[in-house]
Amino acid sequence: MRKKHTAKNEPHIKAIGSDSVAKCIRRDIWLYVFLAPAIIYLIVFKYAPMLGMVIGFKDYSIGKGILGSEWVGFDNFIRLFKTPNFFTILRNTIGLNVLNLVFGFPAPIILSILINEVNCKAYKRTVQTILYVPHFVSWVILGGIIIQLTSINGPISVGLSKLFGMAPKSFISDPASWIVIYIISGIWQSVGWGTIIYLAAITNVDSQLYEAARIDGANKFQQIINVTLPCISSTVVTMLILRMGSMLSVGFEQIYMLQNSAVFDVSDVISTYEYRVGLEQRQYSLTTALGFFKGVVGLILVFGTNTIAKKLGEGGLW
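Its first residue numbered 1, the sequence shown is counted upward by one per residue in the working numbering.
Rather than coming from a laboratory, the hints here were simulated on the basis of the structure.
Quick caveat: nothing in here was measured; it's all calculated off a predicted structure.
Just so you know, even glycine gets a beta-carbon here, dropped at the ideal spot from N, CA and C.
Some hints here could point you the wrong way.
[As the list claims (entries may be wrong)] For lysine-lysine, the following BS3-like pairs were computed, each having C-alpha atoms within a straight-line distance of at most 30 angstroms:
#  : residue 1 : residue 2
1  : 220       : 46
2  : 64        : 82
3  : 82        : 294
4  : 294       : 64
5  : 46        : 124
6  : 64        : 46
7  : 294       : 310
8  : 220       : 121
9  : 46        : 310
10 : 311       : 294
[What the hints assert, rightly or not] The calculated label-pair distances, taken between Cβ atoms and stated as ranges, are:
#  : residue 1 : residue 2 : range
11 : 99        : 200       : 24 to 30 angstroms
12 : 34        : 220       : 42 to 48 angstroms
13 : 310       : 121       : 36 to 42 angstroms
14 : 52        : 85        : 53 to 59 angstroms
15 : 74        : 130       : 20 to 26 angstroms
16 : 168       : 36        : 26 to 32 angstroms
17 : 91        : 156       : 25 to 31 angstroms
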């Protein structure tokens, strides 16, 4: 018969557990030392600033500080939702993010598959290096290049005028053209960097699966559809879930550099509103409430997307 655990055994079990933890720490002490800066960074720059979210529930004054400012409850949220142009800003933010999701999210996946199909290693490395470069260039420089290319006297306008007889046009000042420029420039800047994760996933696909597909008579396109994509689907789903968490966040630098008064109705988003109202007008409580709203919506989207992914048979994040 198995001996039942008694209360006398419990202190001994706990002692063994604590000893084993201490033994693990002593054994891997240098790993914990190397991990410490990352933990400190997360605590100082990620978790500690969350305490400032209470500003969204206060009538914040720099002189009084966070603790001394008066509580106003949800007044800042009510004032935010009653702002005349709030829903226009929200529409622009969601609209641009949806377009980025439709056109920008598949771009690194497609590019990774194309690069993987290249047999010449030297050519593959050269292409990857060229594609990575825009990621390391500031949006100040990229924005200046794009504005020069798409202005009324830029090469695109002049070229179209000479080839097709079109009247010179400033594409960067046209709302419809501006949206296209925003999407394409965003893909150009990020697509090369985004291929790193997908190329790593593709290289882990078992080569025997491709051999079996070739024996069955599958061509390259069929191999991609039936072997490559199913094997990297978990990576794609993980990246999609993480992407959904930032559906109310649009990169401030790109928008700010490409924005002008002629396209303000389609380019004014939450990030530019936070800069204009929070920093220039110093309405810290209002923009903190907006940041809190963004965080809650992002959390709901991440949990919702993860739940849907698991119901569809994918692993999800947790």
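Hint-by-hint comparison with the structure:
1. Among the hinted pairs, residue 220 with residue 46 is inconsistent with the structure: their alpha-carbon atoms are about 45 angstroms apart, more than 30 angstroms.
2. Taking the CA atoms of residue 64 and residue 82, the gap is near 27 angstroms; set against the 30 angstroms cutoff, the hint holds.
3. Straight-line distance between C-alpha atoms of residue 82 and residue 294 comes to about 16 angstroms, which keeps the hinted pair within the 30 angstroms bound.
4. Distance restraint check for residue 294 and residue 64: the Cα-Cα separation of roughly 26 angstroms lies within the 30 angstroms cut-off, and the hinted pair is therefore satisfied.
5. Distance check on the hinted pair: residue 46 and residue 124 sit about 38 angstroms apart at the alpha-carbon level, beyond 30 angstroms; violated.
6. A threshold of 30 angstroms between alpha carbons decides the hint, and for residue 64 with residue 46 the separation of about 24 angstroms falls inside it, so the pair holds.
7. Using a Cα cut-off of 30 angstroms, the hinted pair residue 294 and residue 310 holds, with the two alpha carbons roughly 24 angstroms apart.
8. At roughly 19 angstroms between alpha-carbon atoms, residue 220 and residue 121 fall within 30 angstroms of each other, so this suggested pair holds.
9. For the hint pairing residue 46 with residue 310, the CA-to-CA distance comes to about 28 angstroms; that is within 30 angstroms, so the pair holds.
10. A hinted pair counts as satisfied when its Cα atoms are at most 30 angstroms apart, and residue 311 with residue 294 qualifies at roughly 26 angstroms.
11. At roughly 27 angstroms, the beta-carbon separation of residue 99 and residue 200 lies within the given 24 to 30 angstroms, and the hint holds.
12. With their beta carbons about 43 angstroms apart, residue 34 and residue 220 fall inside the hinted range of 42 to 48 angstroms.
13. Remark: the range hint 36 to 42 angstroms for residue 310 to residue 121 is upheld by a beta-carbon distance near 38 angstroms.
14. Distance hint check for residue 52 and residue 85: the Cβ-Cβ separation is about 25 angstroms, which falls outside the suggested range of 53 to 59 angstroms.
15. Look at residue 74 against residue 130: about 51 angstroms separates their beta carbons, and that is not inside 20 to 26 angstroms.
16. Distance hint check: the CB atoms of residue 168 and residue 36 are about 59 angstroms apart, inconsistent with the given range 26 to 32 angstroms.
17. A beta carbon spacing of about 28 angstroms between residue 91 and residue 156 agrees with the range 25 to 31 angstroms that was offered as a hint.
Figure legend: structure checked against the earlier numbered hints; hints not met, in rising order: 1, 5, 14, 15, 16.
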